[in-house]
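These protein sequences, in sequence, are chains C and B. Note that the numbering used here numbers the first sequence so that position 27 is 27, with each residue one more than the last. Note that the numbering used here numbers the second sequence so that position 361 is 361, with each residue one more than the last.
Possibly wrong hints are sitting among the right ones.
With the C-beta cut set under 8 Å, the calculated list includes, among others, these residues of chain B facing chain C [to be verified]:
#1 117
#2 122
#3 126
#4 178
#5 179
#6 180
#7 181
#8 303
#9 307
#10 308
Derived by calculation from the structure, the hints in this document are not laboratory data. Predicted, not measured: the structure shown is a model, and the values here were computed from it. Note that the Cβ used here is the ideal one computed from N, Cα and C, for glycine as well.
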Amino acid sequence: MRHILAVLVENNPGVLTRVTGLFSRRGYNIDSLTVGRTEDANVSRMTIVVEGDDLVLDQVTKQLNKLVDVIKINDITADEYVDRELVLIKVNADPAVRGEIMQIVDIFRARIVDIGRKTLMIECTGDEGKINAIIESLKPFGIRELVRTGKVAMLRGTKMTSLCDEKEKKDNEEEK
Amino acid sequence: MMFSGAEILVKSLLEEGVDTVFGYPGGAVLEIYDALYKSPLRHILVRHEQGAAHMADAYARATGKPGVCFATSGPGATNLVTGIATAYMDSVPLIAFTGQVTCDLLGRDSFQEVDITGITLPITKHNYLVKNVENLAQTIKEAFHIATTGRPGPVLIDIPKDVSLKKTNFNYPKTVNLRGCPSFGPGDPKRIKEAADLIMAARQPLIYAGGGVIISGAHKELQELAELADSPVTTTLMGMGGFPGIHPQALGMLGMHGTKYANCAVCECDVLIAVGARFDDRVTGKLDEFAPQAKIIHIDIDPAEIGKNIQIDIPIVGDVKQVLHEINRKLEQKKHPEWQNKIARWKEEYPLRYENGGSLKPQYVIEQIYEVTRGEAIITTEVGQNQIWAAQFYKYNNPRSFITSGGLGTMGYGLPAAIGAKVGRPDKVVIDIAGDGSIQMNIQELATAVSNDIPVIVAILNNSYLGMVRQWQELFYDGRYSHTEISGPDFAKLAEAYGAIGMRVTKPDEVRPALEQAISANKVVVIDFVVEREENALPMVPPGGCLNRMLGG
Ligand SMILES: Cc1ncc(C[n+]2csc(CCOP(=O)(O)OP(=O)(O)O)c2C)c(N)n1
Ligand SMILES: [Mg+2]
Numbered sequence: 001m002r003h004i005l006a007v008l009v010e011n012n013p014g015v016l017t018r019v020t021g022l023f024s025r026r027g028y029n030i031d032s033l034t035v036g037r038t039e040d041a042n043v044s045r046m047t048i049v050v051e052g053d054d055l056v057l058d059q060v061t062k063q064l065n066k067l068v069d070v071i072k073i074n075d076i077t078a079d080e081y082v083d084r085e086l087v088l089i090k091v092n093a094d095p096a097v098r099g100e101i102m103q104i105v106d107i108f109r110a111r112i113v114d115i116g117r118k119t120l121m122i123e124c125t126g127d128e129g130k131i132n133a134i135i136e137s138l139k140p141f142g143i144r145e146l147v148r149t150g151k152v153a154m155l156r157g158t159k160m161t162s163l164c165d166e167k168e169k170k171d172n173e174e175e176k
Numbered sequence: 001m002m003f004s005g006a007e008i009l010v011k012s013l014l015e016e017g018v019d020t021v022f023g024y025p026g027g028a029v030l031e032i033y034d035a036l037y038k039s040p041l042r043h044i045l046v047r048h049e050q051g052a053a054h055m056a057d058a059y060a061r062a063t064g065k066p067g068v069c070f071a072t073s074g075p076g077a078t079n080l081v082t083g084i085a086t087a088y089m090d091s092v093p094l095i096a097f098t099g100q101v102t103c104d105l106l107g108r109d110s111f112q113e114v115d116i117t118g119i120t121l122p123i124t125k126h127n128y129l130v131k132n133v134e135n136l137a138q139t140i141k142e143a144f145h146i147a148t149t150g151r152p153g154p155v156l157i158d159i160p161k162d163v164s165l166k167k168t169n170f171n172y173p174k175t176v177n178l179r180g181c182p183s184f185g186p187g188d189p190k191r192i193k194e195a196a197d198l199i200m201a202a203r204q205p206l207i208y209a210g211g212g213v214i215i216s217g218a219h220k221e222l223q224e225l226a227e228l229a230d231s232p233v234t235t236t237l238m239g240m241g242g243f244p245g246i247h248p249q250a251l252g253m254l255g256m257h258g259t260k261y262a263n264c265a266v267c268e269c270d271v272l273i274a275v276g277a278r279f280d281d282r283v284t285g286k287l288d289e290f291a292p293q294a295k296i297i298h299i300d301i302d303p304a305e306i307g308k309n310i311q312i313d314i315p316i317v318g319d320v321k322q323v324l325h326e327i328n329r330k331l332e333q334k335k336h337p338e339w340q341n342k343i344a345r346w347k348e349e350y351p352l353r354y355e356n357g358g359s360l361k362p363q364y365v366i367e368q369i370y371e372v373t374r375g376e377a378i379i380t381t382e383v384g385q386n387q388i389w390a391a392q393f394y395k396y397n398n399p400r401s402f403i404t405s406g407g408l409g410t411m412g413y414g415l416p417a418a419i420g421a422k423v424g425r426p427d428k429v430v431i432d433i434a435g436d437g438s439i440q441m442n443i444q445e446l447a448t449a450v451s452n453d454i455p456v457i458v459a460i461l462n463n464s465y466l467g468m469v470r471q472w473q474e475l476f477y478d479g480r481y482s483h484t485e486i487s488g489p490d491f492a493k494l495a496e497a498y499g500a501i502g503m504r505v506t507k508p509d510e511v512r513p514a515l516e517q518a519i520s521a522n523k524v525v526v527i528d529f530v531v532e533r534e535e536n537a538l539p540m541v542p543p544g545g546c547l548n549r550m551l552g553g
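Kindly generate the complete structure, drawing on both the sequences and the hints.
This is the structure:
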């Protein structure tokens, strides 16, 4: 099963290597990993999608927790969350098929961000299913180049993966 | 007043209560060595940096205080690697300082530059490259905290040369602020209650005690638990000394080279209480046949060890000493005469034994070491048969009296370990039980021992083989001894060349006088015990086999 982990880490040099090194040496499979700054300049947030059964996930979480730079881990898979990915697709686009491509772009509420002589570059955000679907729809035209960011995810409502633990607990109570 | 980074390093170590460091100088640590020159810190100059790491490691194991070692950049740093990995596998609080090229040269393949934080990433609990002298004192404070709290482990601090030169104010911080470094207390009261209930209900309980007992100083609590629950106790290689070896409830070691009676007890116990142990493959044998009838309680400070290799019924995460204290309070005196009888029969039927004929047997040498030292020495070991026999035939009654590379199995550990242990515990007789192969891996440290007047005894069980590997070749490879016959120097002469005392013993009746002489000499002594060449370390569970089906049981 695939799990989505929201991981808060100290924004120290080498922290990404520590995390990915741990995955590779212990033989865990990363599906995707994204990392970026958060509301707190000292803290970065990783969204890690990892494949494995409950036992593997239990180990992944515990081993990650042992890294001094890892502050907090949430497995948000079982909760209500929003997840998004961004993709850039450069697709073959002769004048004859441009209309058709633009229709697809519309349907997916994507955007054309660059026009070349024989290509279009399309930007699309959405959950994984939507991204896969637009890629499938554009394949017949010939995809020249494609880049995906990997998933970012956040819990819905007042539930949080953040450092203000007390506040979070209180809010969670209220929600119940 | 302003101090250089090097001075800050030395002052910080003094603040941490460090009295001795083990190291070796070089270009990138010239500043640091200059600061050492003027300081009251004792520095032991080794002959190879690996020796420094092992000495600091064994100093820590013998005293319970963190050990500290120094090396220069590049080759100095890489020479520490085996020592750091050894400490990591056995959860030893070790702090390694390495010099590094100046900050402006980093990342350019400069002379003697190596990415030692990258290299040691998977074998340290944490590591640092300090690029700003302002952060140095805080980093050292954190390193000692990380190395010694929770499950201990090695921490490396890499210091570029310009950082050791730059000056700043010195205020040693009083606290650390590490949000990613949790602390652990006495465990979940609900689980503790469940564990106590289960122990009270057990009819055939067994305690399986590991190195965590020694690290947390829980030997008294463990003995109390064993006596209240009337439970036999088996220890891992790392747990030796955590429970008195002469105690009537002691079963010795379990696992691949354990006693048959300990392994039988594992197979038949109904409640297994794992204390500060981690279900290593050398302990469990075939996993799905390990303790098949037992409900398992697992007490450990590292949450990641719970459920890692085996399904646990009652997990308790916490400091072993505190957890045991809490459990013991909830217990009443139990008696299990039938279970004890069963065990007594196993002990009678399958004792640890060897045939003592005319030739000199390695096991006999160890028994004699035990008798001459009355079990009061600190024993370090190399790796191989010597290590197994040292675990089987010497009875460890005190924690921190058996120092061995359990997790990594590092040949060459024993001699530097003996030196480190003797520095930490000068009141103790310290003996390295060595193999003729292993001793040659760090024999240069004899010079360190002699020149610093650190009187350790090296007892080489010389079979002119890489004995343990030869044993596997004999048992599992039809006796094809591929590259396991190994020669060595005349060890007694070599010892003398180093300025130590050298002896050679070939007959059983010479063993005792030689040992007595070595101990009373109070000098560095090497005794070359020329032993039966093809003796095997038995009994033995074949790799991947079930615990109670042992060869030579
Ligand atoms: C550094 C290192 N290299 C290789 C090994 C593999 N190994 C394990 S035991 C052993 C033989 C050790 O021989 P010796 O020190 O003579 O001990 P004996 O088994 O003969 O008592 C070897 C080669 C090891 N454990 N460590
Ligand atoms: Mg040998």
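Verification of the hints:
1. 117: 7 Å, holds
2. 122: The hint holds - residue 122/B has a Cβ within 8 Å of chain C, the shortest such distance being about 5 Å.
3. 126: Cβ of residue 126/B sits 4 Å from chain C, so the hint holds.
4. 178: 6 Å, holds
5. 179: 5 Å, holds
6. 180: 5 Å, holds
7. 181: Hint holds; residue 181/B Cβ to chain C Cβ min 5 Å, cut 8 Å.
8. 303: Holds: closest Cβ of chain C sits about 5 Å from residue 303/B, inside 8 Å.
9. 307: 6 Å, holds
10. 308: 6 Å, holds
Checked against the numbered hints given earlier, this structure breaks none of them.
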